[in-house]
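Engineer: Letter by letter, the chains look like this.
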Amino acid sequence: MAEYRLGVDIGGTHTDLVLTETRSGKLFIEKVASTPSNPSLAVMEGISRFLSRGVSSEEISFFGHGTTVTTNALLELKGSKIGLLITRGFRAVQEVQTQAREGNQFDLNFRRPPPLVSQSMTHEIAGRLDFEGNELEALDEEAIRIAAKSFKSAGIESIAVSFLFSYMNDRHEIRTREILEQEIPNAFISLSSKVLPRIREWPRLSTTLLNAYLEPVLAKYTNDLDRGLLKLGVTTPRRFLMQSNGGVMPLKTGAAGGKSVHTLLSGPAAGVQATAFILGQKQNNPHLVTMDMGGTSCDIAFISNARPLEVTEGAIDARRMDIPAFDISTISAGGGTIARLGVSGLISVGPDSAGADPGPVAYRKGGTQATVTDADLICGFLNPKFLLGGETILSIDATEEAIDSQIAGPMGITTKEAAAGIVRLINARMADEIRVQAAKKVIDLKNFTLVPFGGAGPVHAAMVAEELDIPRVLIPPNPGAFSALGLLCADIIHDYIQSDLVNLEELEPEKAEEKFKFLEGKADEELRDEGLEGEKRVFIREVDLRYAGQGYEIRTPLEGLSNAEMSKDVINEIAERFHEIHHKQHGHSARDQIIELVSYRVRVSVPVKKQAHWETDKILDISKKVSSREVTFDGVQTLDTMVYQRESLTSETISGPAIIEQLDSTTVIPEHWTAHLDDFGNIIAERQKT
Amino acid sequence: MKVDPITVELLRNRISSIMEEMDYHFYRSGYSTIVRESRDFSCAIVDRQGRLLVSPWMFFHSPVYFHYVQRILQLYGEDALQDGDVFVSNHPYDANLPHASDMGFVAPIFHSGKLVAFACTIAHKADVGGTVPGSTFGSATELYQEGMLLPPVRIHHRGKAIPDIERLISANTRAPYVVQGDIAGQIGVTRIGREQIQKICERFGADVLIGAMDQMIEASTLEFASALSTLPEGESEAQGFLDHDGVELNKQVKLHVKIKATNGRLHFDFSECDDQTKGPVNLRIGMVEAAVYYSLIGLLDPDLRYSDGIRDLISFTFRKNSVVNADPPRPCSSYMKCCQKLVDVILEAMDPLMPGRSIAHCGGSGGSIIVAWQGKTKPKRGNQYEIFGSAYGAGPNGDGTSGATPHLANLFAAPIEIIETEFPCRIRKFELTPDSGGAGRYRGGLNFAREYEALEPAELVYRSDRAIEAPKGLQGGKSGGFSQFILHPDSKDAQVMPSTCRLKIEKGTIFKLNGAGGGGYGDPKSRPKKSIEHDISEGYLTEEAARRDYGWNG
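In the order they appear, the protein sequences are chains A and B.
Going by the working numbering, the first residue of the first sequence is number 1, and it counts up by one from there.
Going by the working numbering, the first residue of the second sequence is number 1, and it counts up by one from there.
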């Protein structure tokens with residue numbers, strides 16, 4: 001019997017499915033239209049297609065899933081109706097937040113995003129702890145019961161509880177949950193001490209609210225999915241959901257208290273995980289920067305030593321969310337990004353986008369404003385008859401007319417010059433973003449390889465690399481479905497945190513050990529609940545440190561210290577490591593300053609069996625399917641350029657200028673660049689040495 | 001040299017990203033609380049004349065750079081500047097820095113022997129000496145009480161540090177370690193700016209960059225002129241009052257502006273502002289310009305790109321020795337509260353000229369406290385310093401935002417859990433103040449109140465404004481709530497304190513700070529009943545105030 005592993009990645013327009021046969025590594029791909037009103041339908045449709053190709057449902061032994069169901073529910077404000085319990089006297093935590101403004105500083109009409117819970121559904125509960133977690137005032141249980149009754153009569157099914165200093169002592173929150181469960185038996189309850197037991201009341205409250213808002217949505221979705229899978233006969237219990245940190249969790253865990261919020265940034269995480277594992281670890285490219293360029297935006301992430309960089313603080317749609325996630329920055333640079341001529345005679349590209357609807361002018365679906373894709377077409381990068389294998393025919397005439405009337409004409413330049421100008425500007429903007437992000441992360445781009453995916457990424461990648469002096473670009477075999485592969489190469493990961501601010505010098509090793517053991521105990525408990533207790537697991541210990549009084553912490557790993565157990569010596573080593581990291585990130589350290597430990601972190605990782613190799617099709621006849629067309633890079637000079645079909649490429653080197661076309665993407669190789677296939681079927685484009 | 005427009009735009013984006021990189025490096029490397037938490041700093045690349053090409057993220061320093069760099073050119077002459085030089089100054093009068101606590105660094109950038117630009121940065125310092133710790137002395141009567149004064153001088157010469165200057169600075173601050181760290185950080189970011197601009201020169205040529213910079217400024221001037229051209233001709237004026245200057249507590253300070261629009265140009269006449277003050281609310285010209293330019297961009301189009309080209313379109317009249325055109329050695333460390341009020345007054349004056357764009361007065365800075373704890377229950381960490389936000393005024397598009405730092409300030413509140421962990425105090429309440437949003441068709445934002453209990457004796461300094469003149473409404477909207485500082489609230493000993501005070505408190509003392517609320521917009525009687533009742537159910541409005549201010553009858 002064959003054994004298959006299935007990855008399903010739901011995107012805005014398409015749902016990508018990848019299926020691998022574990023022994024041969026053979027890969028099957030399906031792409032179906034997404035079904036936003038009930039996303040599980042597209043999943044079922046895709047799986048059915050595999051089944052009709054002869055795969056038997058019981059041969060599927062693993063199901064890895066990436067979904068934007070929580071992300072979309074938040075962006076469209078279609079989450080659950082929720083209630084909130086807070087410490088008496090502290091309503092302003094939600095109203096004032098950080099009191100600072102994000103976004104355009106000149107906007108006189110500054111607004112925060114609408115609150116996820118109204119003040120009338122926010123109940124204040126007496127019961128105060130001090131900063132060490134000592135009880136100053138007893139919990140008012142009667143007030144909780146009264147609140148519960150009002151929630152019940154308002155039809156609220158999900159409740160957030162966030163009390164001050166709950167990270168030091170969770171007893172009030174636990175007791176609150178007991179009472180709520182008595183009063184509203186089927187309610188979803190999100191405790192801040194479970195979702196994010198970390199110091200700073202606003203980020204904790206915000207993260208807890210997001211979880212409460214989205215948990216019922218995710219629960220309903222996973223239910224639908226479970227039922228659908230059962231109907232198709234897919235019975236494997238190994239069903240997993242992608243998280244923002246690049247790990248997966250069991251499907252049922254996602255809706256089982258405090259974890260829904262971990263899926264919010266999982267959309268772009270799968271692609272980064274695929275890059276890190278397949279290209280980084282397995283194919284030995286340790287330093288990579290990804291550039292996922294779609295219709296409206298471009299996601300950028302860095303992978304150093306085959307590990308994606310992470311952040312622990314973030315926001316989505318201006319809502320604060322402090323959970324570990326891949327460090328992905330997004331800029332408004334996509335195929336649909338609009339170019340326009342300003343009154344000053346300068347062209348600006350973005351930030352607005354024609355997206356997929358109405359889309360670029362060339363698509364003739366109602367778009368009238370010139371976009372990046374339109375410019376790509378005029379420059380000759382895109383084949384008007386081959387996009388998506390000929391499913392979409394692009395209109396050169398309409399595109400020329402738009403660029404001419406909106407930009408080239410008024411500027412007194414040719415259509416091609418205008419198009420090449422737009423391409424230059426969008427490339428430079430992506431390059432600027434990568435350069436700034438690299439500087440922030442203290443990364444030297446010279447050692448990095450640029451990995452583009454998404455439909456438009458491979459068109460622009462080599463030109464962006466040229467801007468950045470990055471000498472090497474790697475385009476994976478299926479840039480369109482590459483993200484979904486990430487679902488088949490992620491480990492099960494759970495992150496735990498506990499704040500307890502203390503001067504590192506005064507920290508008793510036994511106490512620290514106790515804290516870590518406590519978090520590791522929580523991890524084991526969770527794994528047991530998930531039925532994973534027998535599996536091999538790895539604990540990773542970290543601490544968040546800062547110089548006394550600093551407003552942010554640095555996540556300091558304990559991996560590789562002389563001993564895993566805490567001792568005075570180990571604490572000294574930790575301090576040393578913190579000084580080093582601080583120096584590396586900020587250019588200086590302060591050895592005479594007091595270091596404070598703010599939080600303990602434990603990550604538990606249960607390794608998932610992954611594909612050892614991926615079979616790719618290689619066709620050895622380069623002579624076939626080669627054509628040529630006129631391409632311009634600068635808008636002035638037109639070059640007769642070879643056009644290859646990707647399937648016909650070999651390990652033989654071709655020289656730019658060249659275009660490589662495939663079903664879901666087009667790769668542009670500029671002058672002074674070469675390209676060849678590597679052993680894994682990746683296109684490697686390299687800058688010729690001068 | 002005439003540069004093609006694509007390259008101009010490309011270089012403008014590049015310069016903007018270089019400034020972002022400089023910003024980030026300084027934010028992450030700055031030691032002092034004020035840098036980290038309040039982000040009271042900016043970094044910029046300016047052209048050979050000191051003209052800003054794009055605005056830094058923290059806008060209000062933008063107009064300062066031009067005056068500062070011009071002064072360096074005037075003092076030293078372009079020919080005396082050399083590659084690797086870095087200048088420093090904190091002088092409000094000589095170099096136009098907002099106040100002595102702000103230290104600015106300017107590094108000329110050369111390529112193949114030619115001056116092409118300057119890399120600059122301004123950042124607030126934890127302490128520059130003067131009468132009180134922290135240097136921003138709310139009752140200062142002379143500039144000299146606000147700290148040491150550095151006219152523009154070199155701190156690096158041809159790439160080498162001049163240790164004499166650093167020692168001089170260190171000897172004049174109460175926090176030498178922190179200040180040295182920040183100085184190193186600032187000099188570091190000028191180096192980053194310099195290297196990045198030199199890279200551009202290598203790739204494109206210095207002449208292309210210089211030409212492109214001129215064109216960037218021309219372009220944004222054109223954009224600004226085009227936005228201004230929509231304004232009808234006319235004249236309008238408005239005024240407002242600061243509670244006091246921090247010294248003469250019984251004397252309000254008048255801010256007045258008359259604005260004249262002709263031919264797509266604007267003229268701002270400030271000659272009816274009060275005389276320069278004894279206390280430190282005097283403004284330098286850069287700060288007046290910041291208030292004017294900020295207001296105009298907000299009104300015309302928040303996406304307009306600022307450059308110093310705007311100077312060609314806006315003109316000013318100042319009366320000598322007035323609060324917006326003071327003479328040395330008048331103190332100026334409380335400039336921000338004057339700036340914030342000036343923005344309110346300018347927006348009010350612009351309302352008839354640009355109907356349907358202005359918003360009502362904001363709550364301004366919500367005040368600040370500095371608490372020096374005297375006991376020993378916690379390890380010492382220096383003073384507890386908190387700066388509070390207030391609220392936005394309502395506008396034609398909706399209610400004002402509650403609990404925010406408006407306009408030119410953008411400060412982060414210190415988390416309660418951090419404060420209680422670090423300092424011997426307990427926060428008893430953190431709530432919006434009902435009825436503090438000015439009534440109107442659109443309601444002003446509500447301010448917040450924080451109530452503290454001292455767990456040790458302490459010395460406390462409180463500074464605020466808008467306890468006497470509440471933020472005004474616009475277009476028939478009512479005023480927002482007054483700011484208030486109360487000792488022993490909700491008891492028979494309750495005592496309302498003046499908006500600037502210094503006091504000793506005992507262990508167990510309870511005190512409460514209340515910012516000011518935003519003004520309302522439009523006639524309260526026209527506010528939909530549904531919105532009024534929503535405000536009541538959300539606790540933003542009491543039923544009593546709903547009846548009184550809105551004519552609500554349940």
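These are computed hints drawn from the structure, not numbers from a lab.
As the structure is a prediction and not an experimental result, all values here were calculated from the model.
From the three backbone atoms N, C-alpha and C, an ideal C-beta is built for every residue, glycine too.
Please note that a few of the clues may not be correct.
[To be verified] Computed Cβ-Cβ distance ranges for the label pairs, DEER-style:
| hint | chain 1 | residue 1 | chain 2 | residue 2 | range |
| --- | --- | --- | --- | --- | --- |
| 1 | B | D79 | A | S628 | 31 to 39 Å |
| 2 | B | N553 | A | E178 | 42 to 50 Å |
| 3 | B | D79 | A | E102 | 41 to 49 Å |
| 4 | A | D524 | B | I427 | 54 to 62 Å |
| 5 | A | D107 | B | T230 | 51 to 59 Å |
| 6 | B | Q239 | A | R591 | 39 to 47 Å |
| 7 | A | S405 | B | Q82 | 25 to 33 Å |
| 8 | A | D107 | B | R311 | 17 to 25 Å |
| 9 | A | R171 | B | I427 | 50 to 58 Å |
Engineer: For every hint, state whether the structure bears it out.
Structural biologist: Hints, one by one, checked against the model:
At roughly 57 Å, the beta-carbon separation of D79/B and S628/A lies outside the given 31 to 39 Å, and the hint is violated. Restraint check, N553/B to E178/A: a C-beta distance of roughly 44 Å satisfies the suggested window 42 to 50 Å. Taken as a hint, the range 41 to 49 Å holds for the pair D79/B and E102/A, whose Cβ atoms sit roughly 44 Å apart. For D524/A paired with I427/B, a C-beta distance near 37 Å fails the hint of 54 to 62 Å.
Distance hint check for D107/A and T230/B: the Cβ-Cβ separation is about 19 Å, which falls outside the suggested range of 51 to 59 Å. Distance hint check for Q239/B and R591/A: the Cβ-Cβ separation is about 55 Å, which falls outside the suggested range of 39 to 47 Å. One distance hint, 25 to 33 Å for the beta-carbon pair S405/A and Q82/B, is violated here, with the actual separation near 51 Å. Remark: the range hint 17 to 25 Å for D107/A to R311/B is upheld by a beta-carbon distance near 23 Å.
At about 21 Å, the CB distance of R171/A to I427/B disagrees with the hint of 50 to 58 Å.
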